[in-house]
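The chain contents come next:
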Amino acid sequence: MNYSDKVMDYFLNPRNMGEIEGASGIGLVGNARCGDIMKIYLDIDGGNIIRDAKFKTFGCGAAVATSSIATELIIGKTVQEALEITNSSVMEALDGLPTAKVHCSLLAEEAIQAALWDYAQKNGMVIEGLKPPTYGGHDHHHDADES
Amino acid sequence: MQMNQRDVIYLDNAATTQVRPEVVDAMIEYLSKDYANPSGIYAASASAKAAVDAAREKIAVAIGATYGNEIYFTGSGTESINWAIKSTAQAAKGRGRHIITTAVEHHAVLHTCQFLEKNGFDVTYLPVDEYGMISVDKLEAAIRPDTILVTVMMANNEVGTIMPIAKIGAVLAEINTKRDKDAKILFHTDAIQAVGHIPVDVNALGVDLLSVSAHKLYGPKGVGALYVRRGIKLPAFIHGGGQERGRRAGTENVAGIVGFGAATQLACAEMAEEALRHTQMRDDLIGKILASVPHSHLNGHPISRLPGNINITFEFIEGEGMLLLLDARGIAASSGSACTSGSLDPSHVLLAMGLSHELAHGSLRLSFGRYTTTEDLDKLMEALPPIVERLRNMSPLWEDFLKPI
Chain A
1 MNYSDKVMDY FLNPRNMGEI EGASGIGLVG NARCGDIMKI YLDIDGGNII RDAKFKTFGC
61 GAAVATSSIA TELIIGKTVQ EALEITNSSV MEALDGLPTA KVHCSLLAEE AIQAALWDYA
121 QKNGMVIEGL KPPTYGGHDH HHDADES
Chain B
1 MQMNQRDVIY LDNAATTQVR PEVVDAMIEY LSKDYANPSG IYAASASAKA AVDAAREKIA
61 VAIGATYGNE IYFTGSGTES INWAIKSTAQ AAKGRGRHII TTAVEHHAVL HTCQFLEKNG
121 FDVTYLPVDE YGMISVDKLE AAIRPDTILV TVMMANNEVG TIMPIAKIGA VLAEINTKRD
181 KDAKILFHTD AIQAVGHIPV DVNALGVDLL SVSAHKLYGP KGVGALYVRR GIKLPAFIHG
241 GGQERGRRAG TENVAGIVGF GAATQLACAE MAEEALRHTQ MRDDLIGKIL ASVPHSHLNG
301 HPISRLPGNI NITFEFIEGE GMLLLLDARG IAASSGSACT SGSLDPSHVL LAMGLSHELA
361 HGSLRLSFGR YTTTEDLDKL MEALPPIVER LRNMSPLWED FLKPI
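Quick note, the sequences are listed as chains A and B, same order.
Residue numbering for the first sequence follows this note's numbering, beginning at 1 and increasing consecutively.
Residue numbering for the second sequence follows this note's numbering, beginning at 1 and increasing consecutively.
If you're looking for bench data, these hints aren't it; they were derived computationally from the structure.
Glycine residues also receive a C-beta, built at the ideal position from the N, C-alpha and C atoms.
Fair warning: there could be bad hints in the mix.
[As the list claims (entries may be wrong)] Derived coverage of chain A by chain B (criterion: at least 3 residues anywhere in the stretch with Cβ under 8 Å from a Cβ of chain B; other residues may be distant):
id: 1; region: 73-87
id: 2; region: 110-116
id: 3; region: 122-132
[To be verified] Coverage of chain B stretches by chain A, computed from C-beta distances (three or more under 8 Å per stretch; other residues unrestricted):
id: 4; region: 309-320
id: 5; region: 390-396
[What the hints assert, rightly or not] Under the rule of at most 35 Å between Cα atoms (straight-line distance), these lysine-lysine pairs were calculated in the DSBU-like manner:
id: 6; chain 1: B; residue 1: K181; chain 2: A; residue 2: K6
id: 7; chain 1: A; residue 1: K77; chain 2: A; residue 2: K122
id: 8; chain 1: A; residue 1: K77; chain 2: B; residue 2: K403
id: 9; chain 1: B; residue 1: K184; chain 2: A; residue 2: K6
id: 10; chain 1: B; residue 1: K118; chain 2: B; residue 2: K49
id: 11; chain 1: B; residue 1: K118; chain 2: B; residue 2: K33
id: 12; chain 1: B; residue 1: K403; chain 2: A; residue 2: K122
Just chain B, with the same shape it has in the complex:
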């Protein structure tokens, strides 16, 4: 694919995606021509407002929402998550202060939960197994009379493991039948890696709140949405004007929202075909890497896994070096290594799955997109094994492994 006019093999689509040309075309009109504020009363405003509502319907259809007005646009997936968790906590604090989540959530969830812990809430972080999967039985056992919210990601951004959201939804629905109408446990899922990539249906999943982001599915950055099931009283998080029916203030990012709607519609229309193509490329590449590089291991679930995600640990080496050497060959990827995260601790996801620090540092994440081709992956396969070998030859851990004392 083309990136900045250079031939870059972009294998970091879980980080962000290229805005597809059809989406750019759809957006431009609302930047330069129909730029009116949707809150105005003149004709141009009506056009902008209609565009926002058309996009809202597209997102609703994509996630199986019954009503378009269950979709609220936000400034990012992170904002959607903050809103869902913090406002649920605020609304329910009179009846309970217990939240259940998992140890492998994105930082948008984890750091929000940690913030609430500092403010009098009690959070259970469910452990995961070696594949990054939670146990629904453990989740059920963790529920207490004062539990107000369960928040579990639909698909993990690092290792691609797809969580049993529908099963959790069914368990919570059963428990909620025994609770008073005003004491239901709400269920939120961070579906940011899922929507547009795997089927998502809020009613089949049994979720009350669902977060989604545009830029993970070939839409623009800076726009997300929160699904809020009708009947749920979620207080506003951003206060100001009366946009989004008074629940999310701030002049609408009209072009961004239009792009989000267009991108979501396209991604969902192409999902089945893309998922099949990615799954075949994924399983083929995993097989090739594990066969050609000794002491390499797949991280994440082998089957219940995002179609476009590969995460592999290469023993005895550190991830950032791998990324720099891949970059020198025009390949963009990512790692759970501490060095690439800006902190000094490696991926909390890999550690929660039981990997040692050393193994977590040596992970490589490859995430495919609609522009990824088998030729790209062939080029990766030419570059990767020599890079691992080169770094191992430089590694004192490899030296020790070859010459045990």
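Chain A extracted, bound-state conformation:
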């Protein structure tokens, strides 16, 4: 497996793994069919700042690494800033991902947005630019290697 050193580091030493009791928002994306399920917990203060974030992931090395680094990327950010975290920022932070694993970074982006959506729902807020999550709805190219 040609994972970058950074991916291996975040897989072997995951940061922010765990749960947050009474989280402000929880995002759960992916499905077992594809082999990746990500759950992100957010603790957001009254000023819309993400004080803490944790993750739990069922999935490959890349799935664990992307969810872990995604939590690092959003801690200390405002809700609006967190929305700007995309799969490319996650990939860049990990020094890239093998082609077959790019969907993991998409899942990390979706997990953050799903957690923010949950937070908005719980608080009756509208967050500009945030769409409702499509659980596990990202497209997989199952026959990509078929001739």
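Chain B: place on chain A using the hints.
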């Protein structure tokens, strides 16, 4: 065992094996000294040709073939399989276009059959039970007047289940007695995981075609063979020169073939002893893993199983993470997880056996070889349970399981 000068515990012998030193020694002469093309007419060519034919005899003896010239060397087990299936289809298409195989074959068989389906053939993929075993009755029921070929693997590469090849051979022999001489159903078996590991005898099994590969039995990569029973008209698949009596063109991989012959002879001579040793280690390790890791299940048949194969699903976790953490501890293994296959679907074998996607993703395959020791397995047992626990603690599925809503 030693691998790349590092101490690696190599438990992926179903993927490939280390070329054993005796085999390397046998090969070297034909790379640097007797390197002549076997098709030449000078003395050095005669030596190379004699070496190829000596290897042919060794493979024939190993699989119980009556004649050495029923063995054709190829570039891989995959090539042997492609040749057996595609050329049978081509030769028989005037009288029938139906092929029977199983849902758990290697991709070399499945993708070849899918290719033929796109080209006007009809393929029946027999289902398997929870142990990965086919039903001979279902196979018999699937036979049609236009059936031309049955291809069933002898032993499954992922879960180790050994198929009832001799029973299928007997059923087909009976059916073929009622068919015209030119309308016999041919029987091919992919014996790539079997030869050198369990007894294989083409006459006792009743097969017409059998594929084998060198690198699964401590020979080199890039060489395989197809057994073709005398009297069967199998058209050539690779066209060119007149090598292999005009049926498989291309200058012979002399050193590879010599290595294949040497490796096969050694593996068969040691088979009974190795099979017993592996079976004991296998059953001992399966017992230890299932006892020490809750929510783990054996995949594949408990008894009709390759001596060196273990395949276990650990619920709530995904296989690639397991492999990476084992690798970090110097242990090489494999998984039916999609993430390790390069595709996004988990093992078709485990799915065909009725496992859910989630369970198929959490499988671990350990395959022993002649260099595997009980000390290796003790080290695996030290590493594995904490790895499963660590991944479960990271898994939202485990969290849900512990805290049902």
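Results for each hint:
1. For the region 73-87 of chain A, the stated coverage by chain B is violated: 0 residues have a C-beta nearer than 8 Å to a C-beta of that chain, whereas at least 3 were required.
2. Counting residues of the region 110-116 of chain A whose C-beta sits closer than 8 Å to any C-beta of chain B gives 0, which falls short of three, so the coverage hint is violated.
3. Residue count for the region 122-132 of chain A with a Cβ under 8 Å from a Cβ of chain B: 0. That is fewer than the three needed, and the coverage hint is violated.
4. Counting residues of the region 309-320 of chain B whose beta carbon lies closer than 8 Å to any beta carbon of chain A gives 4, which meets the minimum of three for the stated coverage.
5. For the region 390-396 of chain B, the stated coverage by chain A is satisfied: 4 residues place a CB nearer than 8 Å to a CB of that chain, which reaches the threshold of 3.
6. Taking the CA atoms of B:K181 and A:K6, the gap is about 65 Å. The hint is violated against a cut of 35 Å.
7. Using a Cα cut-off of 35 Å, the hinted pair A:K77 and A:K122 holds, with the two alpha carbons roughly 20 Å apart.
8. Taking the CA atoms of A:K77 and B:K403, the gap is near 31 Å; set against the 35 Å cutoff, the hint holds.
9. At most 35 Å may separate the alpha-carbon atoms for a hinted pair to count; B:K184 and A:K6 exceed this at roughly 59 Å.
10. Taking the CA atoms of B:K118 and B:K49, the gap is about 40 Å. The hint is violated against a cut of 35 Å.
11. Between the alpha carbons of B:K118 and B:K33 the distance comes to roughly 47 Å, so the proposed pair goes past 35 Å and is violated.
12. With a C-alpha separation of about 22 Å, the suggested pair B:K403 and A:K122 falls inside the 35 Å cut-off, and the hint holds.
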